[in-house]
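The lines below spell out each chain.
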Amino acid sequence: MAAICSLYIINKSGGLIYYKDYGSGGRMDTNDSLRVASLWHSMHAISQQLSPTTGCYGIELLEADTFDLHCFQSLTGTKFFVVCEPGTQQMESLLKVIYELYTDYVLKNPFYEMEMPIRCELFDINLSQVVQKDRVVLLGR
Amino acid sequence: MQFFGGSEISPSPPTPTVSGNNAHMMYVFNRNGVCLLYREWNRPLHTLNAQQDHKLMFGLLFSLKSLTAKMDPTSAERGNLGVPQLPGQGCSFHSFRTNTYKLSFMESPSGIKIILITHPKTGDLRESLKYIYNLYVEYVMKNPLYTPGTPIRSDLFNTTLDQYVRSIA
Amino acid sequence: MIGVGKIKQYSNVLDKPLSKGKQEVSLSAFAFLFSELVQYNQTQVDNIAELERRLEDAGYAVGARVLELLCHREKGNRRETRLLGILSFVHSTVWKVLFGKVADSLEKGTEHEDEYMISEKELLVNRFISIPKDMGTFNCGAFVAGIVRGVLEGAGFPAVVTAHFVPVEGQQRPRTTILIKFAEEVLIFPPSLVTVLLWI
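Protein chains in written order, with my numbering: chain A, 1 to 141; chain B, 1001 to 1169; chain C, 2001 to 2200.
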């Protein structure tokens, strides 16, 4: 199994705008991935309500039995999350890099409509390079 | 060591991962979502009333469990999203972390859910939750005056729990 | 391009030296501005050819001004009158001022005498742009083609300039080629010749 299983990007209203699978136990079908995304969006919001102290921004890391889920939320409410093997390191920095790619190749693309599904060739190319590089680093350890 | 009906509480408490008083609160739910116990040690922020808070917490755990079962990358058989998972069925989770707290979660085979909320930097509390479950079995389930499914009102359990939580977090 | 910086204030703009300016401009700022330019023009048209034409027009205005500025700044108010001269002026001087580098290549078309090509592995304006599948062969390099046309026409070499994607073997991304097709009269009467004729 690859270190990184899948990547999701959801817009500020909980709609899935990007989903990429990196060879795990079968790709989710479109309906399921949309549902998972909106469920995560609400879970993320509820976790802020349950905080014992002020200033909570929602779940950053969910440790499940068979995977870890790292989530990064930008200031504008777009959420990026990766599903990876338990204990995979440096996912925070990977998410930051992905966010950077998003700002470059998606937001600066005149043909991208805000909050809509991402269909940008350059984003795909650069993303797969980053994930590949990350995998090499992980294998090298 | 404490003895109860001749048997020793086993295993001995796991060694603490972080010291200092940074446990915030704890919930115990049964399989029907009834909040059997709510303890609060340090909670400056209350956004909702107690009942709503418990409901929301149970709902969060329920949904997260169905989410993790659906997202499990190791199995192809994942069931449907939103369908209740039996205890021990499907991929579950043991903790999540936000910037302000860490929630550790454990579910027993009978569907008892123990939730401990601590400082976000706390380490792995899986063993500690098992120990708390042990306390629950010893002091609550073995108490003949306790009716299963009703809120726990055992001073013995509460004091032991307080002591233990103070020692781990 | 003139950057933002601490520039001495002159009461009369003509007293101001025509400095080289700061050579760097924020790429992000440019990318967002260009993106808005494309998006705005997209709302004004109903087909792709029209969009291409509008981008080219926007570039044309830039080209005409750039020629004026560079002739003054780099060439001592002289303009190129030879065909190859103006082409290499575009390929190196203009490119360097606009994009910070010389263009990757300048070639003569193999099939037609009057065609020249300037190729760029990754055109600066296309750095962040992915063309959606339904837009076919549209290339935002039309803006750059417009700049080239502006420079050439300003210098007396009327031409039709277009931008195309050309797939490169072993590369994921196609390169952009700016195709320059000179008008007939340029080859028969190049400006150098016209000047001579006027003298007589």
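Worth double-checking, as some hints may not be accurate.
Listed next, the in silico DSSO-like pairs over lysine-lysine satisfying Cα-Cα at most 27 Å (straight line) [stated by the list, open to error]: (1) A/K20 x C/K2101; (2) A/K96 x B/K1121; (3) B/K1130 x A/K12.
Computed list of chain B residues with no C-beta within reach of chain A, every gap over 12 Å [what the hints assert, rightly or not]: (4) M1025; (5) E1040; (6) P1044; (7) T1047; (8) S1066; (9) L1067; (10) F1105; (11) P1109; (12) I1117; (13) L1156; (14) F1157; (15) N1158.
By construction, these hints were calculated from the structure, which means they are not laboratory data.
For clarity, every value in this text was computed on a predicted model and none was experimentally measured.
For each residue, glycine too, the CB sits at the ideal point set by N, CA and C.
Hint check:
The suggested pairing of A/K20 with C/K2101 is violated, with an alpha-carbon distance near 36 Å, which exceeds 27 Å. For the proposed pair A/K96 and B/K1121, the alpha carbon gap of about 21 Å is at most 27 Å, so the pair holds. A distance of roughly 38 Å separates the Cα atoms of B/K1130 and A/K12; the hinted pair therefore is violated under the 27 Å criterion. Consistency note on B/M1025: stated as away from chain A, yet its beta-carbon is not over 12 Å from all of that chain's, at 6 Å minimum.
Residue-level check failed: B/E1040 sits 8 Å from the nearest beta carbon of chain A, not beyond 12 Å. Look at B/P1044: its CB is around 6 Å from the nearest CB on chain A, not clear of 12 Å, so calling it non-interface is violated. Remark: the non-interface label on B/T1047 conflicts with the geometry, its nearest Cβ contact in chain A lying 5 Å away (cut-off 12 Å). The claim that B/S1066 lies off the interface is violated: its Cβ sits roughly 8 Å from the closest Cβ of chain A, which falls inside the 12 Å cut-off.
A beta-carbon of chain A comes within 12 Å of the beta-carbon of B/L1067; the shortest separation is about 5 Å. The Cβ of B/F1105 sits about 10 Å from the closest Cβ of chain A, inside the 12 Å cut-off, so the non-interface label is violated. The claim that B/P1109 is not at the interface with chain A holds, since no C-beta of that chain comes within 12 Å of its own (minimum 15 Å). Not every Cβ of chain A is farther than 12 Å from the Cβ of B/I1117; the closest lies at roughly 6 Å, contradicting the non-interface assignment.
No beta-carbon of chain A comes within 12 Å of the beta-carbon of B/L1156; the shortest separation is about 26 Å. The claim that B/F1157 is not at the interface with chain A holds, since no C-beta of that chain comes within 12 Å of its own (minimum 22 Å). Look at B/N1158: its CB is around 19 Å from the nearest CB on chain A, clear of 12 Å, so calling it non-interface holds up.
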